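**Q** Hey, can you work out the whole structure from these sequences and the hints?
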Amino acid sequence: MTLKDKLIKKQETPSLKELEGSKRWYKSATPKFTLDWWIKWTASLTLLSAMVLRGAQQFPFIDLCLSFAGCAGWVIVSIMWKDRALIMLNTTACIILGMGIIRAVAGG
Numbered sequence: 006m007t008l009k010d011k012l013i014k015k016q017e018t019p020s021l022k023e024l025e026g027s028k029r030w031y032k033s034a035t036p037k038f039t040l041d042w043w044i045k046w047t048a049s050l051t052l053l054s055a056m057v058l059r060g061a062q063q064f065p066f067i068d069l070c071l072s073f074a075g076c077a078g079w080v081i082v083s084i085m086w087k088d089r090a091l092i093m094l095n096t097t098a099c100i101i102l103g104m105g106i107i108r109a110v111a112g113g
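This note's numbering puts the first residue of the sequence shown at 6, with every later residue one more than the last.
Fair warning: there could be bad hints in the mix.
[As the list claims (entries may be wrong)] Quick list of in silico lysine-lysine cross-link-like pairs, DSBU-like style, CA-CA up to 30 Å:
no.: 1; residue 1: K22; residue 2: K37
no.: 2; residue 1: K37; residue 2: K87
no.: 3; residue 1: K87; residue 2: K45
no.: 4; residue 1: K28; residue 2: K87
no.: 5; residue 1: K28; residue 2: K45
Quick caveat, the hints were computed from the structure, so don't treat them as lab data. All values reported here derive from a predicted model rather than from experimental measurement.
**A** Spelled out as structure tokens, the structure:
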């Protein structure tokens with residue numbers, strides 16, 4: 006077997022039997038395409054969009070709103086997962102971001 010064949014063989018996806026018996030291959034801990042999966046990914050992409058705006062230092066109010074929406078999505082997911090650390094973190098972030106939005110709207 007040539008080196009090229011060995012490299013190609015290494016990149017192949019293992020069979021289900023190999024996955025079940027292997028300690029080297031890990032499957033995702035969360036199921037795919039469930040309600041929490043969709044909210045999680047939507048919230049994550051929303052937060053990444055807010056970070057892009059923050060990094061570019063453009064549209065700070067939209068950045069606040071997107072950050073709030075992303076954190077609110079993660080609050081929903083963390084409640085669904087019953088993960089108290091994520092609930093505390095994202096609820097606190099929502100409060101802080103909400104205060105920033107109120108301040109921006111009130112003109113302060």
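**Q** Check each numbered hint against the structure and report the violated ones by number, ascending.
**A** Checked against the structure, no hint fails, so every one of them is satisfied.
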